[in-house]
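Peer 1: The residues making up each chain are set out below.
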Amino acid sequence: MSSEQTLVVQSVLFGNDAHEIVRAAQAVANSVKWARSRGLIGEWKLLLGDCSPTPVLNVLHMDEIASTVGAEGGQFELHSFGANLGSAAGHNALASKEFSELILILNPDAIAGPGTLSVLACALDDGVGIAEARQIPLEHPKDFVAYSGDTSWASTACALTTRAAFDAVGGFDSDTFFLYCDDVDYSWRLRLAGYRVVYEPAARVFHDKRLTQTGDWPASGAEVYYSAEAALFMAHKYSRPEIVTRLLAQFRSEGSTSVLKAVAAFERKRKLGTLPTPLDAEHKVGQFIGDNYAVHRF
Amino acid sequence: MLSTGSEQLKVQLGADGLTSSSDHNVHTSTIDTLLGELMSGPHLDPDLRYALDSVRGLISAEDRDAPFLTVLLRTQGKRPEPLKDALLCLAAQTDQDFEIIVIDHDADLEGAEVVRNAIAEQPIWMADRISRLEVRGGNRAKPLNAGIHAATGRYVAVFDDDDLLFANWVEAFRTASQRSSGRMLRALAANQAVTPELWPQDQIGFRTISWPKADYPREFDQIAHLGMNYSPFMSWAFPSTLFRKFGFEFDEELTVCEDWDMILRGSLLLGVENVDVLTAIYRKWKGGQSSYTDHSRDSWAWSEAKVVQRINDSVLIMPGGFAPFIRHAMTLRGAHEQLGALLQSRAWRYSRPVRGALRVAGYTKRRIRRLLRRT
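Sequences listed follow chains A and B, in order. One point on numbering: in this note's numbering, the residue at position 287 of the first sequence is 831, and numbering is uninterrupted. One point on numbering: in this note's numbering, the residue at position 366 of the second sequence is 1208, and numbering is uninterrupted.
Hints listed in this document are in silico derivations from the structure and should not be mistaken for laboratory results.
Pairwise CB distance ranges (calculated):
no., chain 1, residue 1, chain 2, residue 2, range
1, B, Gln1186, A, Ser764, 57 to 63 angstroms
2, A, Gly834, B, Arg1021, 39 to 45 angstroms
3, B, Ile1153, A, Gly583, 57 to 63 angstroms
4, A, Gln794, B, Asp1044, 41 to 47 angstroms
5, B, Asp1057, A, Glu548, 44 to 50 angstroms
Here are the computed lysine-lysine pairs in the DSBU-like style, where the Cα-Cα straight-line distance is at most 35 angstroms:
no., chain 1, residue 1, chain 2, residue 2
6, A, Lys813, A, Lys828
7, B, Lys920, A, Lys577
8, A, Lys753, B, Lys1128
Quick look at which bits of chain B chain A covers, simulated, 3 or more residues with Cβ under 8 angstroms:
no., region
9, 929-942
10, 1052-1064
11, 1113-1123
The C-beta atom is built at its ideal place from N, Cα and C for all residues, glycine as well.
Make the full structure from the sequences, and use the hints.
Peer 2: See the structure below:
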């Protein structure tokens, strides 16, 4: 991929620190600057969708972002959604606002490296539907093929996808996924549609995750709930009824509030008949390895 | 140890029924405590009191307009991708009150260009705070000394070009500095294994192959550090007083262990404030070049011996709370000697057949383990 393409960078906000959003915008504008200087990106826009009950950004913040983006030849728009749409629906809503050949899905507080957009843009070749940046300081452990970068799924903490691929699979499945696994599902549907999903370690993004003093990564109740709920939906959607049965039994046995809430959400959808239509009956793309959706390196 | 050691002391000695009386020394640096004690004499010569007070004032004075931290980023430009990671970690700090001095040490033409480009592509708000030094020749300490002479921050930290920082690295140091009264700051680091690998667009990259492991001791132990270094370089922030007022420099004769040497000498003079937050990842290279492969075993042994010799040749100030620690260590040494005598005794030798039988049952093994554990 060598010709200039149009780009939308989009992030969904919910109760973030305004300064983090401004800093993330400055970082991504710098990354776009270098991609533009290499002739990879032409016109571009930063779209922020705010799902917070009270606006994250005030006028001064917005002016600062607009100025930063404008200095690099871009435009900035803020959309207030007035409700917590979640990640999948929020990104679908933003993607519907503007046409561009490329869409960078970015966590609102993620700091993109200077070369990140250039590397990701160059990766969208040879049938690649989405290219994921490497997160630091905590790298995602999923495995990828050396040199080609092919991987099971792409995290949308920072990932570049083509509009063609996005439209071909109808974007994110916001009917099923609220916060987690919308990116796993999007990746797997891209692969079912014949696209490649690649991990680009040279594209780096700082995602502010932290460890405890003993090196553990504690999960909040909300994280447990949304992960458990998404695990049930993923197993159902990718034709693994035996995993659904096992997870339901496991969650009921565990009995914590978070996982029981996930079981209830799944059962409610099952009764209403609103679970997604199962895909990948031959298990060509879906990987359920332990609690993971890919082989992990560590 | 100092403040932290005192806390550890209470735990360790508590089990032995001893107590620590060092709490009054917890919140000042060791040298400050020493000056305070010298000045506390009721019949101290007024001129000497005035002189000591002046010294105290000189040590504690700091430039409030200076940035909180100077980050010395040492590189040879041989690892472009980790260097870019390192700069991004700094760009993402929640506390941005720092300057960065990138020290190009003996980079070849290609490496120097890598370093220049990595700086040039930073956003303006980062690039404005980065300066670059070129240092030619010398060992690993030479670029550090060039860096401390150029530093303007109230603290100095060393961050090598292949390690990672969490977003709160600077913030955690600053928070701790507000209670540390001039002591050195020691945060927590994890280590993570990586191995060289060519990346999809032909970059010379690496593959991360382990989860970060928090293997280093959570609390600083001065005595343990006399034996070896348990604290990666980037887990420290050194008060600039150490360099600007006391004139400390890294030992340029050392081929390696320059960090351990400074940690030992500095901690004995100033004391250490524990920062109980994991703020960094030390990358361990499996394959490829690192300081472990760049230097021979002899070089490591020589440097370690030199560090120990220098400490041995120095006058050491013992911080408050140290005496019970030494007494405790001597007690342990006594237990070791008793064990040695037991192993040499006639009764022990005569009982060998019996022990053989017991060994089969695993009894002796457990007993000895318990004995050794106690020592």
